[in-house]
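These protein sequence lines are chains A and B, in that order. For my numbering, add 757 to where a residue sits in the first sequence, where the first one is 1. For my numbering, add 29 to where a residue sits in the second sequence, where the first one is 1.
Keep in mind that the hints were calculated from the coordinates and are not lab data. Please note that a few of the clues may not be correct.
[Stated by the list, open to error] Chain B side only, calculated, beta carbon under 7 Å to chain A, not exhaustive: (1) 53; (2) 72; (3) 130; (4) 137.
[To be verified] DSS-like cross-link-like pairs, simulated, lysine-lysine; straight-line CA separation at most 25 Å: (5) B:97 with B:140; (6) B:71 with A:777; (7) B:137 with A:798; (8) B:140 with B:71; (9) A:798 with B:30; (10) B:71 with A:798; (11) A:821 with B:30; (12) A:771 with B:71.
[As the list claims (entries may be wrong)] Per label pair, the in silico range of CB-to-CB distance: (13) B:142 with A:839: 37 to 43 Å; (14) B:44 with A:774: 44 to 50 Å; (15) A:772 with B:57: 42 to 48 Å; (16) B:110 with A:774: 26 to 32 Å; (17) A:773 with B:108: 51 to 57 Å; (18) A:860 with B:99: 33 to 39 Å.
The beta-carbon is built from N, C-alpha and C at its ideal position, and this holds for glycine as well.
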Amino acid sequence: GAVVSQHPSRVICKSGTSVKIECRSLDFQATTMFWYRQFPKQSLMLMATSNEGSKATYEQGVEKDKFLINHASLTLSTLTVTSAHPEDSSFYICSATLGKGAQGYTFGSGTRLTVV
Amino acid sequence: KQEVTQIPAALSVPEGENLVLNCSFTDSAIYNLQWFRQDPGKGLTSLLLIQSSQREQTSGRLNASLDKSSGRSTLYIAASQPGDSATYLCATIQGHSGAGSYQLTFGKGTKLSVIP
Numbered sequence: 758g759a760v761v762s763q764h765p766s767r768v769i770c771k772s773g774t775s776v777k778i779e780c781r782s783l784d785f786q787a788t789t790m791f792w793y794r795q796f797p798k799q800s801l802m803l804m805a806t807s808n809e810g811s812k813a814t815y816e817q818g819v820e821k822d823k824f825l826i827n828h829a830s831l832t833l834s835t836l837t838v839t840s841a842h843p844e845d846s847s848f849y850i851c852s853a854t855l856g857k858g859a860q861g862y863t864f865g866s867g868t869r870l871t872v873v
Numbered sequence: 030k031q032e033v034t035q036i037p038a039a040l041s042v043p044e045g046e047n048l049v050l051n052c053s054f055t056d057s058a059i060y061n062l063q064w065f066r067q068d069p070g071k072g073l074t075s076l077l078l079i080q081s082s083q084r085e086q087t088s089g090r091l092n093a094s095l096d097k098s099s100g101r102s103t104l105y106i107a108a109s110q111p112g113d114s115a116t117y118l119c120a121t122i123q124g125h126s127g128a129g130s131y132q133l134t135f136g137k138g139t140k141l142s143v144i145p
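Bound-form chain B, shown alone:
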């Protein structure tokens, strides 16, 4: 059974700093990996999707890397802003034979606070 771990559980940084969020997973047989952002009491917003054949994806100030063989992914946020404060979740996408579809397995998230 896939297990996804995110470290640290919480992180507080001053505005303007660059930061890295870590995600590790036990089963490297993933199809893709997706990073999400969740604001308090809200749903999930997709940030980046990395296909298993890719090593990284970039969107604006965000860069996500994937090392499938070692079971690791990182999310790099450049020049952090207070508006980046949220919980960041990573999820692996794998086949799910029971439902005939692919399935996400989530980590517990990293709660990021960017201090003005």
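Chain A on its own, in the form it takes in the complex:
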């Protein structure tokens, strides 16, 4: 079945630095990838939709200059948290789908970001 790999699984960084998270579809080409954020005991909140070769579409309230998304190929999307602050600490999960998502989604294993 479809597999999505996400790295790193955990990262600790200092305030003011930037962190890059990678999301790869291993056995299929993902025209669309999605980035979610999950707060403790809450469900997933969609941050942005990433289409290969074009700019990401951000959800309302998500700062596009803060969370930079690049989808340079059909198998790789990256999320860069720029100038990280402690309030950016969270669990970030990516997902990928064939086509536009009507046939289901495959998720990565998530990245626990802690900003100190």
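With the hints as your guide, set chain B onto chain A.
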């Protein structure tokens, strides 16, 4: 705006019991519905995808039903095992005009504990 509700928020059962998790949604204009499992600190694992034209899907001890007109889905787990302990999330899949792709809307999940 779609709202997805899952009841109960938490459930504890002895091993071997059959159980039902409930999911309701406010907008019945969905394309598909997907059930996921999330283990603590991990990403999401897809369990079942039900297309809007289907009424149920089965995979092993899992059976998911969908009543689109009433905005309800259930996940039935037969002969529960301690390894089934996890948070179960349901998500509706709908068109998302802003991003030109389909989008998931998640419930907050049901945390299941199966006691040996």
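_For a quick check of understanding: which of the numbered hints are violated here, in increasing order?_
Hints 1, 16, 18 contradicted; others consistent.
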